[in-house]
Amino acid sequence: MTGSDSRELGAVPDGGRAGHGAEPGELDVDDASSSPVGPLIAGVVMIGFGILMLTQTLAIKGEGFEPEGPRFMPMLATVVWLGLSTVYLVQQLLRMARSRDGLPVQRFAHSGRVVALLVLLVAYAYAIDPVGYIISTAVFFVSAARVLGSGVLARDVTVAVGLSVGVYFVFTRLLGVYLPPGVLPL
Amino acid sequence: MNSFDSLLGGFATVLSPENLLFALIGVTLGTLVGVLPGIGPAVTIALLLPVTYNFEDPIPAIIMFAGIYYGAMYGGSTTAILLNTPGESASVATALEGHEMARRGHARAALATAAIGSFVAAVISTTLLAFVAEPMAAIAVTFRATDYFALMVLALVTVTALVGNSLVRGLLSLLLGIMIGFVGLDAVSGQSRFTFGSISLFNGIDEVLLIIGLFAIGETLYVLVRGRTRPGHVTPLGPGHGRGQFMSMNRDQWRRSWAPWLRGAGVGFPFGVLPSGGAELPTFLSYSYEKHRSKGREEFGKGAIEGVAGPEAANNASFSGVLVPLLTLGLPTSATAAVMLVAFQIFNIKPGPQLLETSPDLVWALIASLFVGNLALLAINLPLIRLWVKVLQIPRPVLYAGILVFAGLGIYSVSGSVSDILIAYGVGVVGFLMRQLDFPIAPAILGAILGPELENQFRRSLNISNGDLTVFVDRPLSATILAIAVLALVLPYVPKIVARLRGKPVETAGKLAFADED
Numbered sequence: 001m002t003g004s005d006s007r008e009l010g011a012v013p014d015g016g017r018a019g020h021g022a023e024p025g026e027l028d029v030d031d032a033s034s035s036p037v038g039p040l041i042a043g044v045v046m047i048g049f050g051i052l053m054l055t056q057t058l059a060i061k062g063e064g065f066e067p068e069g070p071r072f073m074p075m076l077a078t079v080v081w082l083g084l085s086t087v088y089l090v091q092q093l094l095r096m097a098r099s100r101d102g103l104p105v106q107r108f109a110h111s112g113r114v115v116a117l118l119v120l121l122v123a124y125a126y127a128i129d130p131v132g133y134i135i136s137t138a139v140f141f142v143s144a145a146r147v148l149g150s151g152v153l154a155r156d157v158t159v160a161v162g163l164s165v166g167v168y169f170v171f172t173r174l175l176g177v178y179l180p181p182g183v184l185p186l
Numbered sequence: 001m002n003s004f005d006s007l008l009g010g011f012a013t014v015l016s017p018e019n020l021l022f023a024l025i026g027v028t029l030g031t032l033v034g035v036l037p038g039i040g041p042a043v044t045i046a047l048l049l050p051v052t053y054n055f056e057d058p059i060p061a062i063i064m065f066a067g068i069y070y071g072a073m074y075g076g077s078t079t080a081i082l083l084n085t086p087g088e089s090a091s092v093a094t095a096l097e098g099h100e101m102a103r104r105g106h107a108r109a110a111l112a113t114a115a116i117g118s119f120v121a122a123v124i125s126t127t128l129l130a131f132v133a134e135p136m137a138a139i140a141v142t143f144r145a146t147d148y149f150a151l152m153v154l155a156l157v158t159v160t161a162l163v164g165n166s167l168v169r170g171l172l173s174l175l176l177g178i179m180i181g182f183v184g185l186d187a188v189s190g191q192s193r194f195t196f197g198s199i200s201l202f203n204g205i206d207e208v209l210l211i212i213g214l215f216a217i218g219e220t221l222y223v224l225v226r227g228r229t230r231p232g233h234v235t236p237l238g239p240g241h242g243r244g245q246f247m248s249m250n251r252d253q254w255r256r257s258w259a260p261w262l263r264g265a266g267v268g269f270p271f272g273v274l275p276s277g278g279a280e281l282p283t284f285l286s287y288s289y290e291k292h293r294s295k296g297r298e299e300f301g302k303g304a305i306e307g308v309a310g311p312e313a314a315n316n317a318s319f320s321g322v323l324v325p326l327l328t329l330g331l332p333t334s335a336t337a338a339v340m341l342v343a344f345q346i347f348n349i350k351p352g353p354q355l356l357e358t359s360p361d362l363v364w365a366l367i368a369s370l371f372v373g374n375l376a377l378l379a380i381n382l383p384l385i386r387l388w389v390k391v392l393q394i395p396r397p398v399l400y401a402g403i404l405v406f407a408g409l410g411i412y413s414v415s416g417s418v419s420d421i422l423i424a425y426g427v428g429v430v431g432f433l434m435r436q437l438d439f440p441i442a443p444a445i446l447g448a449i450l451g452p453e454l455e456n457q458f459r460r461s462l463n464i465s466n467g468d469l470t471v472f473v474d475r476p477l478s479a480t481i482l483a484i485a486v487l488a489l490v491l492p493y494v495p496k497i498v499a500r501l502r503g504k505p506v507e508t509a510g511k512l513a514f515a516d517e518d
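From first to last, the protein sequence lines are chains A and B. Going left to right, the first sequence walks through residues 1 to 186 as full-length UniProt numbering numbers them. Going left to right, the second sequence walks through residues 1 to 518 as full-length UniProt numbering numbers them.
Keep in mind that the hints were calculated from the coordinates and are not lab data. Any given hint could turn out to be false.
To be verified - Rough simulated footprint, nothing fancy, chain B against chain A, three-plus residues with beta-carbon under 8 Å:
| hint | region |
| --- | --- |
| 1 | 54-61 |
| 2 | 76-86 |
| 3 | 89-96 |
| 4 | 113-124 |
Stated by the list, open to error - Just the calculated beta-carbon pair ranges, DEER-fashion:
| hint | chain 1 | residue 1 | chain 2 | residue 2 | range |
| --- | --- | --- | --- | --- | --- |
| 5 | A | Asp129 | B | Ala499 | 26 to 34 Å |
| 6 | A | Gly48 | B | Leu501 | 39 to 47 Å |
| 7 | A | Asp129 | B | Phe202 | 21 to 29 Å |
| 8 | A | Gln91 | B | Leu20 | 52 to 60 Å |
| 9 | A | Asp129 | B | Trp258 | 35 to 43 Å |
| 10 | B | Glu357 | A | Gly166 | 37 to 45 Å |
| 11 | A | Ala59 | B | Gly467 | 18 to 26 Å |
| 12 | B | Leu469 | A | Val90 | 26 to 34 Å |
| 13 | A | Val183 | B | Gln191 | 16 to 24 Å |
To be verified - Straight-line alpha carbon distances no greater than 25 Å define the calculated SDA-like cross-link-like pairs of lysine to any residue that follow:
| hint | chain 1 | residue 1 | chain 2 | residue 2 |
| --- | --- | --- | --- | --- |
| 14 | B | Lys295 | B | Ile346 |
| 15 | A | Lys61 | B | Gly184 |
| 16 | A | Lys61 | B | Ile464 |
| 17 | B | Lys390 | A | Val142 |
Using N, Cα and C, we set each Cβ at its ideal position, and we do this for glycine too.
Just chain A, same shape as in the assembly:
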């Protein structure tokens, strides 16, 4: 685990290079993680999801599981899902037991930024209607660009204002798609 951790830290600064520096066909090699925890959690979560969907299938009103009815296909899908999730989990466990090198799975770096971006997205969703499209979009753009690693505030603000105003007028005036004006007197 320690080996992988130091590799992860070392790889972060030149992460943007991965796309063009690697040889074709091994684009993803240098992103391989040696932690099997992710797939294991995924396997368990998928089985849990399958059980949840099983309860939902049983909650569909109807009698029995005759093929013409509304419960047959959901039941089939859920049961096969549960079976395959179990196969997936067993595969991961077997591979883990067989080798200590782990699996070709992407590492979870920058998790804080991902969470920050999701928070921004949710805030944006709630802000569009009351605040209005232009202001909420401009603020969202600038903050999202920063989370994504931009360091040039003046450029981001310029693009943000241009983009949100441009999109608003093109879509509302030219294309007839409604976007909320919000607090601006448009």
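Position chain B relative to chain A; hints supplied.
Below, chain B without anything else, positioned relative to chain A:
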């Protein structure tokens, strides 16, 4: 020569100044968005759907989407050649040789052979489409519910089995899509399914939310987590027009390109027509043919022009081929085709055998616009190459923030409700995790769109047979298609089996697929 007359009628529709303008806007927007790294044709179309929401006449909208469809593909090849980051798996083969050519100073020739090859293939394959569409629709009218069921199973199985690295992960992705497709009120019984008691889910999850969530939002989070937020290195274009060159290629490059173009088109179209998981298989078949058979084979790996010309032609031809089952059967066989189906549905157009009877104008206008769109692309693609390079140089944080803004716009314009936006974000997180864990995305999209229709045909078949399940194997056509579907499940393991028989390391075989957004 009935098809020919109809096609002329289609051209009469398309060649009106207004529709011509929409074709041009379509190819330009398509290329502009398709050039963006990591953005393939499927998400390009999904992001641009809102543009047409308020069109009253479907024909300009469909013409525009034809332009976007091809433009996004052209854009993908530009990115593959100059940046070596193929936006979709069908461009992977192009990236292999095209980027090497660019590094050796032949970027313009690589872009030219891709663009001209795509155009040649488009003309050939669209002509074939025009002449195949009517007979195909005539055959499709005789298809029964069991045949449709079998065809849908085949389409789902091929996308799942032929795309991605693992059958288990592919099937899980497919099932996730199917379960999402079941959310909402059952059309037959009226029962709510998988709604968790929430009324806002009664209408199901809109396909547009699903596509934007899985592709655009999922991709952005994925890019962020991998730290790929710095701009890539754009390979310089090299010197401009040289002596003895025509359309950026010299005589030798033309001589080496034309045969791969024709071969690529020949491979691409049939693979597009048949459910084969999209353009990935034909592009790689073309690539490996050129690698082993063409005159320039010793140059492969160092930038052989045949390795760009063939796969690009195959890619484009298969794009047109995909429209055959989409238009005549209503059957999408790739993620991009599924998004096109959604675009049709926005205008209440139901592709299928009846479409040629109910709206022949629309179908022939669409087919004619494919010709016009490709001509427009050839005209704008090479002269505007500096503009596309500029787009490639947009700083990644700005680029992805912009993609999120357009994703938000697409989601908001579908419904306008906060809960739908949050659903799309949730789908985006799932798409992100799927990328992280190497689950293919295309099966989920196709499952969500085809799943309910599959169930519909399944129930219709059983209603006719009074619940007798043997109805699916009694009819030879249905039974044959289902047998092919089973065969397709085994097919991905063929390279590994062959490798093992030849005593080669298994690891190098079957590595054709690592992205699936085509």
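Verification of the supplied hints:
Requiring three or more residues with a Cβ within less than 8 Å of a Cβ of chain B, the coverage given for the region 54-61 of chain A holds, as 4 such residues are present. Residue count for the region 76-86 of chain A with a Cβ under 8 Å from a Cβ of chain B: 6. That meets the three needed, and the coverage hint holds. Residues of the region 89-96 of chain A lying with their CB closer than 8 Å to a CB of chain B number 1, which falls below the three-residue condition for coverage. Coverage of a stretch by a chain is defined here by at least three residues with a beta carbon nearer than 8 Å to that chain's beta carbons; for the region 113-124 of chain A and chain B the count is 7, and the condition holds.
The given range of 26 to 34 Å is broken by Asp129(A) and Ala499(B), whose C-beta atoms sit roughly 57 Å from each other. For Gly48(A) paired with Leu501(B), a C-beta distance near 41 Å keeps the hint of 39 to 47 Å intact. Here the CB-CB span from Asp129(A) to Phe202(B) is close to 22 Å, well matched to the stated 21 to 29 Å. Between Gln91(A) and Leu20(B) the beta carbon distance is about 54 Å. The supplied range of 52 to 60 Å therefore holds.
Separated by about 57 Å at the C-beta atoms, Asp129(A) and Trp258(B) break the suggested range of 35 to 43 Å. With their beta carbons about 42 Å apart, Glu357(B) and Gly166(A) fall inside the hinted range of 37 to 45 Å. At roughly 24 Å, the beta carbons of Ala59(A) and Gly467(B) sit within the given window of 18 to 26 Å. Checked against the given bound of 26 to 34 Å, the beta carbons of Leu469(B) and Val90(A), roughly 30 Å apart, stay inside it.
The hinted range of 16 to 24 Å is not satisfied by Val183(A) and Gln191(B), whose Cβ atoms lie roughly 44 Å apart. Restraint check for Lys295(B) and Ile346(B): the C-alpha separation of about 48 Å exceeds 25 Å, so the hint is violated. Pair hint Lys61(A) plus Gly184(B) holds up; C-alpha atoms about 13 Å apart against a cutoff of 25 Å. A hinted pair counts as satisfied when its Cα atoms are at most 25 Å apart, and Lys61(A) with Ile464(B) qualifies at roughly 24 Å.
Between Lys390(B) and Val142(A), the direct Cα distance comes to roughly 21 Å. Compliance with the 25 Å bound is thereby established for this hinted pair.
When the structure is compared with the earlier hints, violations turn up for hints 3, 5, 9, 13, 14 and for no others.
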